[in-house]
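Enquirer: Those protein sequence lines, which keep their order, are chains E and R. Numbering that gives the first Met the number 0 applies: residue 0 is where the first sequence begins, and numbers increase by one. Numbering that gives the first Met the number 0 applies: residue 0 is where the second sequence begins, and numbers increase by one.
FYI, nobody ran anything at the bench for these hints, they're computed from the structure. As the structure is a prediction and not an experimental result, all values here were calculated from the model. Be careful, since some hints might not be right.
[Stated by the list, open to error] Using 27 Å as the maximum straight-line C-alpha spacing, the simulated BS3-like pairs for lysine-lysine come out as follows:
1. R:LYS153 x R:LYS114
2. R:LYS114 x R:LYS181
3. R:LYS105 x E:LYS446
4. R:LYS31 x E:LYS313
5. E:LYS446 x R:LYS153
[What the hints assert, rightly or not] Which residues of chain E face chain R? A partial, calculated answer using Cβ under 7 Å:
6. SER45
7. TYR119
8. GLU246
9. ALA353
10. ASN360
11. THR493
12. ASP531
Where a beta carbon is used, it is the ideal one built from N, C-alpha and C, also for glycine.
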Amino acid sequence: MNDAAERKLALSHLWVAFIAFIVACFMGEYQVLERSGFIPALDSPSVYFASVSTHGVLMAFVLTIFFIMGFGYYIAATSLQQPVWNKPLAWGAFWLALAGVVMAAVPLLTGKASVLYTFYPPIVAHAAFYIGATLLVVGSWVWCVIMLVMFIQWKKANPGQPVPLAMFATAMNAMLWLWTSAGVAVEVLFQLIPWSLGWMDAIDPGLARTLFAWTLHPIVYFWLIPAYTAFYVFVPKQAGGFVFSDEMARLTFILLAVFALPIGFHHLYMDPEQARGWKLLHGIGTFVVALPTLVTGFSVIASLEIAGRLRGGKGLFGWIGSLPWTNTMVLSVILSLLMLIFGGFGGIVNASYAMNAMIHNTAWVPGHFHLIFAGTTVIMYFAIAYYFWPLLVKKPLFSNPMALVQLWTWFIGMSILTTPWHVLGLLGQPRRISTVVYNNLLTLSWKPYELMMILGGLILLGSACLFIYNLAKTQLNPAAEAFEQQIEYAETVTPVESLPEWLNDFKLWNKVIAVLMAISFGYPILQFFFMDTSGSSPWGF
Amino acid sequence: MQIEPLKSKYGQLLRDFYTQLRAIHIDQLERKWITITVIVIGLFVGIITIDAFFHGINPPSKVETVDSATLHLNKEFAEDNLGVQVNNSGGITIRMVAGRYSFFPKHISVPAETKLTFRWVSMDVLHGVHIPMTNMSTMIVPGYVAEITTTFPKPGEYPVLCNEYCGLGHNHMWSNISVIAKEDWTAPVKLPAKGGSNNE
Ligand code: HEM
Ligand SMILES: [Cu+2]
Ligand SMILES: [Cu+2]
Numbered sequence: 000m001n002d003a004a005e006r007k008l009a010l011s012h013l014w015v016a017f018i019a020f021i022v023a024c025f026m027g028e029y030q031v032l033e034r035s036g037f038i039p040a041l042d043s044p045s046v047y048f049a050s051v052s053t054h055g056v057l058m059a060f061v062l063t064i065f066f067i068m069g070f071g072y073y074i075a076a077t078s079l080q081q082p083v084w085n086k087p088l089a090w091g092a093f094w095l096a097l098a099g100v101v102m103a104a105v106p107l108l109t110g111k112a113s114v115l116y117t118f119y120p121p122i123v124a125h126a127a128f129y130i131g132a133t134l135l136v137v138g139s140w141v142w143c144v145i146m147l148v149m150f151i152q153w154k155k156a157n158p159g160q161p162v163p164l165a166m167f168a169t170a171m172n173a174m175l176w177l178w179t180s181a182g183v184a185v186e187v188l189f190q191l192i193p194w195s196l197g198w199m200d201a202i203d204p205g206l207a208r209t210l211f212a213w214t215l216h217p218i219v220y221f222w223l224i225p226a227y228t229a230f231y232v233f234v235p236k237q238a239g240g241f242v243f244s245d246e247m248a249r250l251t252f253i254l255l256a257v258f259a260l261p262i263g264f265h266h267l268y269m270d271p272e273q274a275r276g277w278k279l280l281h282g283i284g285t286f287v288v289a290l291p292t293l294v295t296g297f298s299v300i301a302s303l304e305i306a307g308r309l310r311g312g313k314g315l316f317g318w319i320g321s322l323p324w325t326n327t328m329v330l331s332v333i334l335s336l337l338m339l340i341f342g343g344f345g346g347i348v349n350a351s352y353a354m355n356a357m358i359h360n361t362a363w364v365p366g367h368f369h370l371i372f373a374g375t376t377v378i379m380y381f382a383i384a385y386y387f388w389p390l391l392v393k394k395p396l397f398s399n400p401m402a403l404v405q406l407w408t409w410f411i412g413m414s415i416l417t418t419p420w421h422v423l424g425l426l427g428q429p430r431r432i433s434t435v436v437y438n439n440l441l442t443l444s445w446k447p448y449e450l451m452m453i454l455g456g457l458i459l460l461g462s463a464c465l466f467i468y469n470l471a472k473t474q475l476n477p478a479a480e481a482f483e484q485q486i487e488y489a490e491t492v493t494p495v496e497s498l499p500e501w502l503n504d505f506k507l508w509n510k511v512i513a514v515l516m517a518i519s520f521g522y523p524i525l526q527f528f529f530m531d532t533s534g535s536s537p538w539g540f
Numbered sequence: 000m001q002i003e004p005l006k007s008k009y010g011q012l013l014r015d016f017y018t019q020l021r022a023i024h025i026d027q028l029e030r031k032w033i034t035i036t037v038i039v040i041g042l043f044v045g046i047i048t049i050d051a052f053f054h055g056i057n058p059p060s061k062v063e064t065v066d067s068a069t070l071h072l073n074k075e076f077a078e079d080n081l082g083v084q085v086n087n088s089g090g091i092t093i094r095m096v097a098g099r100y101s102f103f104p105k106h107i108s109v110p111a112e113t114k115l116t117f118r119w120v121s122m123d124v125l126h127g128v129h130i131p132m133t134n135m136s137t138m139i140v141p142g143y144v145a146e147i148t149t150t151f152p153k154p155g156e157y158p159v160l161c162n163e164y165c166g167l168g169h170n171h172m173w174s175n176i177s178v179i180a181k182e183d184w185t186a187p188v189k190l191p192a193k194g195g196s197n198n199e
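Extracted from the complex, chain E is given alone in its bound form (with noise of 0.2 Å):
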C-alpha cells in the first residue's frame, strides 16, 4: 500500500503537536524561575499568569488532542491495511484545529485570557478564547468519527474477525473523547461563550465546574490511552515478546472507558455544590478504575520477562538486565512505570475522599500530574515519536544515543522538578501562585524546594530540545539509501481467531457508560434546575 498520503497527515499532526510541547517548555521553566523570586527583574503576576495559562492550554488540550489525532490516523492506515476515510475531511478537521489553536492564542498571549486552562468561571476571559478552543475540540470530533467509520468499515469487510488491537484501542478512545468532551462542550457552548459575549447575565459556577468535573477525569486517560496501546502493541516487539493476552488488553481498555467516565467528582471533594453520597460514590469508582490500570502494570512487566528470558536473562531479576535497554522504546517503557508507580501511589492520596484535604490545589497537585502526565505520559509520547519518525519519513532515527540520553535526562529532570513540588504541597504551599508573599514563617521552608525545581526545570527543558533537534534532523537529513522498514505489531502469546462481540466492539459499551453517567452525573445536574440557585457574573482578572 502507498501511504505517502497517510504520513504526510500524521506528521502534520504530529509536528503541531510537538511545537505546541516545546514552546510549552520554554514557559514551563520561565514559570519554576519566576515563582522562586529568584530573579526579582522577572517579577510579575500578569505575565506569570499569562504564561501558566498559555503553558496549560498547550500541554493539555494542543500537544494531545494533536499528537492523538496523529497517532490515530497512522494507526487505522497500518493496522487496518486501509486508505484513511475521507482524506480531504481529515484535513479539514486539522486546519480547523489549528485555526482554534491560533484564535484561542491571540488572547492568550495578550494577557485577555489569564484565566488557566481550567478557565473556572467567574472570572471571564476574551470570548475568542473560548470560540478558539471550541474550534479545536471541533475538530478532534471529525477525527472521532473518521476513526468510528474505519473501525465500522472494516468490520462490515471482515465479518466475525476480530479487530486489530491497535485499531481496537484507538477507535474505544475516539469514542470515550465524544463522551468526555460532552461535559466541557455543553459548559462552554451554553454558558461561557453566550456569557462572555453579553447575551447572558448571570451563571451559574456550581452547574459550570459540574459539568467540567464531567470531563476534567476522563480526559486524562483520553491522553494515556496511546501510552497504554504502545505498552501493548509495540513494546513486547520491541523488546523480542509477545503480548500477553488479547483479550485481557481488550478487557482492560474496555474498563478504562467504562469506569473513567462516571468519577469526576473526585475534583469536587471540597466543593460546597455537590452532596457527599454523590462524592463517596464516585470516590468508590475511583478506586476501581484502578484496576485496569494495575493489570496493565502487570501485563506490561510480564510481556517484559518473557522478552528477557528469551533474550537468555535467568534468575528471578535477571531478565531485567538482559532487556535491551538500548532500545527506546523499551527504555521509555520502564522509565514510564517507574514514574507510573510513583505518581499512582500519589493518586491513591488524593482519590483518597477525606486525605484530599491534606493536598487539594496545594502544590503536591501539578507536582502529581507532571509527574504522572509530563512524565509517564509523555515519556510514551516521545517513544512512539521515535519509533514512527523514521517510518514516516523514510529514513534511520538521525542519533539513536542521543534519543536515549534525552529519554534518561526527561526521566532525571522529572524526578527533580516533581520531588519537592510535591514536599512544598506537604508544606502547604497552594497551587498556582505567582510569588511568596505571605508573611510567615513557615513560608521560609519553601525556597529550597523552589530553587530545586529551577534545576529540574533546566534539564527538562534541555531535554525537550534534544528530542526536537533529533526529530527535525531525521526529516531533513538527506536519504543515503533506501529506507524499508515497515511498522510491526506485537504478536500474543495464543492468538486470537474469533471474539465474543462484546470484546469487538463498542454497542454494549456505549449503553453501559450512558447508564452509569445518567446514575453518577443524573441528579447532580438535574438538582442545579430546582435549587434556588442566584448565579455570578462576569467578573475581570
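Given chain E, put chain R with the ligands in place with the hints provided.
Expert: Frame of chain E; chain R with the ligands shown alone:
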C-alpha cells in the same frame, strides 16, 4: 406487562456473557494478581466507606445556597456578624467572607482542641481556602455557603491561604489565624448572630 419473557431473555444474556468471560485466555499468575488487586481495592473502598458512614469523615458538602452579589444585605454575613461567635448552645461558629484579595476578618483567634464550624462565602469569584498543616480546606464557590467542621490540635500562628486562582492578585490573598490553648482562650464579646445558620 410481561415480566417472565424479559427475565428469561436477560438471564440468558447474562449467562452467555459469563461463559464468554470464562473463556478468555488468562494466565494463572495474572489471575492471582487480579485477585490480589481486587482485594486491595476492596479494602481501600471499605475503609473510606466505613469512615464516611460510621466516623462521619466527609469532605465539606453542605449544598446550601446564598446570593453572593448581595452579601451586605444578608443578615448572617453582615460585617458585624463575621468572625468567631459562641452560639447559644455553646458551639463555636466562624463566619468568614472571601473577596479579592483577602479573607475577612483579617485575623481571628480560636481555641485549640475544640470543635469549630466554619462558614465561608465568596463576595465575588471562586476562591479556595486552606490552613496549611490542617484539614481546614474548602473551595468557596460564589452562590454557595461552604461549611466545614474541624478541630485544631496544636496551638500556634497559622496563615490562611487562598488556594484557587482568583485573579492577578491571588498571591496576595491571605490572612491569619491564632490557635490558642483551650484554657487561655476567651470568647469575643459579641451577640449571637440573629440570622442563624439559615439565611432564607
Ligand atoms: C520543562 C518542563 C516543565 C516545567 C518546568 C513545568 C513547570 C510548570 C509550572 C511552574 C507550572 C505552574 C504551576 C502553578 O502555578 O501552580 C506548570 C503548569 C502546568 N503544566 Fe508544566 N512544566 C513543564 C512541562 C510540562 C509538561 C510536559 C506538561 C504536560 C504534558 C505540563 C503540563 C502542565 C499543565 C497542564 C499546567 C497547568 C496547571 C494549572 O493551571 O494549575 N507541563 N508547569
Ligand atoms: Cu481525575
Ligand atoms: Cu482568592
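Enquirer: In ascending order, which of the hints set out earlier in this document are inconsistent with the structure?
Expert: none
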